[in-house]
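What follows is each chain in one-letter form.
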Amino acid sequence: MASETRGATDAWSWARSWLGTLDGSLFGLCVASVAVAFGAGLLQVSFGAYSMTILEAWQAVFDPKVWFSVQAWQSFFLGTELPELPKRTLIVWNIRMPRVIVAVLAGICLAVSGAIFQAVTRNELASPFVLGVSSGAGLAVLLTLVLFSSLAPFLPLFAAVGGSIAFLLVYMIAWKGGTSPVRLVLAGVIVNMVFTSLQRGLFFFADDLGVVQSALAWITGSLTGVGWEEFRIAIIPTLAATLLALAGARQLNLLLLGEETASSLGMSVERVRFMLSAVAILAASTAISVAGIIGFFGLVVPHIVRLIVGSDYRRLLIGCMFVGPALMVVADVGARLALNPAQVPVGVVTGVVGGPYFLYLMRRQEQMGEI
Amino acid sequence: MSQNNTNSDGIATANDTAAGSQSGRRDRPLVGDDVVLSYSGTDDPVIDGESITAEPGAVTALVGPNGSGKSTLLKGLANQLEPDAGSVLLDGQDIQTLETKAIARKLGLLSQESTSPNSISVEDLVYHGRYPHRGFFDSVTEEDEAAVERAIDLAGCGHLREREVGSLSGGQKQLAWIAMVLAQDTDVLLLDEPTTFLDLHHQLEVMEIIETLRDESEITIVVVLHDIEQAARLADRMVALKDGEIQARGPPEAVVTEQLLADVFEIEAEVSATPHGPRVNPIRARHDGDEHTTGDDTAEPDRAEEVVAE
Numbered sequence: 001m002a003s004e005t006r007g008a009t010d011a012w013s014w015a016r017s018w019l020g021t022l023d024g025s026l027f028g029l030c031v032a033s034v035a036v037a038f039g040a041g042l043l044q045v046s047f048g049a050y051s052m053t054i055l056e057a058w059q060a061v062f063d064p065k066v067w068f069s070v071q072a073w074q075s076f077f078l079g080t081e082l083p084e085l086p087k088r089t090l091i092v093w094n095i096r097m098p099r100v101i102v103a104v105l106a107g108i109c110l111a112v113s114g115a116i117f118q119a120v121t122r123n124e125l126a127s128p129f130v131l132g133v134s135s136g137a138g139l140a141v142l143l144t145l146v147l148f149s150s151l152a153p154f155l156p157l158f159a160a161v162g163g164s165i166a167f168l169l170v171y172m173i174a175w176k177g178g179t180s181p182v183r184l185v186l187a188g189v190i191v192n193m194v195f196t197s198l199q200r201g202l203f204f205f206a207d208d209l210g211v212v213q214s215a216l217a218w219i220t221g222s223l224t225g226v227g228w229e230e231f232r233i234a235i236i237p238t239l240a241a242t243l244l245a246l247a248g249a250r251q252l253n254l255l256l257l258g259e260e261t262a263s264s265l266g267m268s269v270e271r272v273r274f275m276l277s278a279v280a281i282l283a284a285s286t287a288i289s290v291a292g293i294i295g296f297f298g299l300v301v302p303h304i305v306r307l308i309v310g311s312d313y314r315r316l317l318i319g320c321m322f323v324g325p326a327l328m329v330v331a332d333v334g335a336r337l338a339l340n341p342a343q344v345p346v347g348v349v350t351g352v353v354g355g356p357y358f359l360y361l362m363r364r365q366e367q368m369g370e371i
Numbered sequence: 001m002s003q004n005n006t007n008s009d010g011i012a013t014a015n016d017t018a019a020g021s022q023s024g025r026r027d028r029p030l031v032g033d034d035v036v037l038s039y040s041g042t043d044d045p046v047i048d049g050e051s052i053t054a055e056p057g058a059v060t061a062l063v064g065p066n067g068s069g070k071s072t073l074l075k076g077l078a079n080q081l082e083p084d085a086g087s088v089l090l091d092g093q094d095i096q097t098l099e100t101k102a103i104a105r106k107l108g109l110l111s112q113e114s115t116s117p118n119s120i121s122v123e124d125l126v127y128h129g130r131y132p133h134r135g136f137f138d139s140v141t142e143e144d145e146a147a148v149e150r151a152i153d154l155a156g157c158g159h160l161r162e163r164e165v166g167s168l169s170g171g172q173k174q175l176a177w178i179a180m181v182l183a184q185d186t187d188v189l190l191l192d193e194p195t196t197f198l199d200l201h202h203q204l205e206v207m208e209i210i211e212t213l214r215d216e217s218e219i220t221i222v223v224v225l226h227d228i229e230q231a232a233r234l235a236d237r238m239v240a241l242k243d244g245e246i247q248a249r250g251p252p253e254a255v256v257t258e259q260l261l262a263d264v265f266e267i268e269a270e271v272s273a274t275p276h277g278p279r280v281n282p283i284r285a286r287h288d289g290d291e292h293t294t295g296d297d298t299a300e301p302d303r304a305e306e307v308v309a310e
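These protein sequences, in sequence, are chains A and B.
Per UniProt numbering, the first sequence starts with residue 1, numbered consecutively.
Per UniProt numbering, the second sequence starts with residue 1, numbered consecutively.
Because the hints were derived from the structure by calculation, they are not lab data.
Since this is a predicted model, take the numbers as computed values, not measurements.
All C-beta atoms, glycine included, are put in the ideal place defined by N, C-alpha and C.
There could be a bad hint or two in this list.
[What the hints assert, rightly or not] To list a few chain B residues with every Cβ distance to chain A over 10 Å, as calculated:
1) 40
2) 124
3) 132
4) 149
5) 161
6) 214
7) 216
[Said to hold, decoys possible] 25 Å max Cα-Cα, derived SDA-like pairs, lysine to any residue:
8) B:242 - B:227
9) B:106 - A:272
10) B:101 - A:49
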């Protein structure tokens, strides 16, 4: 009984300590992000090859035939048969909506992954891809498409496995009685270089243009053609990675004080660093498996959020979980609609917009690098 | 390779070992027993088999010239550097066998260089000191709050509480870091050059904090100090190192001698006794070519040895 009440007060004060982090700037950021994501999402479902007015799109989005249909939700979450739906509703809910939702999940994953890697390496310039994950995943994708095309249905899995293997390789190269942030980043550069060369080499073995295009879409990161199946692939790992990241926020904060301080406060730095990296890998692999390798995103988003809410990881992670999806949905609107009817991969948009923005940040800030 | 110290240290080692395994706890909070310390990638150990006992409830100062191994020895005592041989005993237990958080609840270390994000507030920084006392999902308890209050109060940085660490001066930063390590609430406190690079005001402030800790609590303090005069004024016991070897140990009056300054620090200096402890008036640096002029050399060849034997 007593322990129960104690548990309850613990849970309450735990919740309160998290609520305490939600001050003006973070709250405003979250609200603005939700608004932006919502607006961009609405644009995304309204326009396209099958044209409808905004009003019609709205009606389709809020169609009670979907909202109150158990069968429809089962189909989204479990992949069962869709119920009979009006054509507009079907297009919005079955083709355009999943793309927005997958963009949201990929945005969360990449932002969280980047934020974790930046704390683990104590380097603002770190991202899931600096540490080898992207090149490993890209190589796995190319190998599958070019050499083992019969295994194409398992592509997302292979991409994730490839990313993880590359990261482990980076970790092993960097390990010398312990790792250091600089050695990790340098090892990442080495592994990236080798794997990217191998990728280029593989392109020459592709026999038809379709394979090359499909491989290119993976390597630049694209949300074209994603559906509820991708949502089903991504939702559970996204939730898991998000919760684990939030649980590790205090460890991340302590890592920012440097290894010496962290270990003198009793943290097993190497173990914590490896486990947090595993969470970041999970998040990055999830995004890669549904959307390919979207560059610059995991680097820029945590950076923007840090400028607004500061470096406390409890606040930073929450901010990333809102800003990431908002920016990803916006970027994907650009990718799909800017050159309508032609579509470009969303990775092209994030690279083209994110690069110069990062340059701007770099010029504006006096010093950059260490958090 | 650790067995080659046959000087009077050898005797001290034997004593330490015997006492450490038997009584051990309160009277021997921190003992380094014949430790050999080296950094990975270098062949020769920095510390090659030295023993040191931190005097319980008192301040022990490690002094020595640059590169003499005093910071290395401190790192070894703090379990930040695993000894190649020998052992460090915390409350009579081999520190290697203890869990990292359990060590951090008993032993605090303030490193020489500390980095932190600029935007963290002083209060949040001090709360990090409670890390070893909290479980993975534990929230802040009243005990944590009390410890943080006490630490901030002791370090005298209450007025900085809400400030961002990045906006503080070097001296103010150091006070914030000291508050963090005090919040850890340990019996043993190791400080690595806590006054270096600070202005005089903050140097004195840091020394006052250490004095308060000694006078008003049972904390055992080991501090590395660059300034030998400061060390003499602050410490109850001093340990002087050169080239990774302990050259002298004992009360400040016995350690800070003209002979020791010549041998260990390679300076010629006048030492005079004052109420604040020995006062050092440096005259000039000694060089290898210098004759062992000062007659004292022959007159008191065993002086340092005597101190060691103590």
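We went through each hint and held it up to the structure:
1. 40: Violated: least Cβ distance 5 Å, not greater than 10 Å.
2. 124: Check fails; 7 Å does not lie beyond 10 Å.
3. 132: Given a closest Cβ separation of 4 Å, the condition is violated.
4. 149: Label holds. Min Cβ-Cβ 17 Å, cutoff 10 Å.
5. 161: Holds, since 16 Å exceeds 10 Å.
6. 214: Label holds. Min Cβ-Cβ 21 Å, cutoff 10 Å.
7. 216: holds (24 Å)
8. B:242 - B:227: Measuring from Cα to Cα gives roughly 15 Å; hence the hint holds.
9. B:106 - A:272: holds (21 Å)
10. B:101 - A:49: It is violated: about 61 Å lies between the C-alpha atoms, which goes past 25 Å.
In terms of the numbered hints stated before, the structure departs from hints 1, 2, 3 and 10, listed from lowest to highest.
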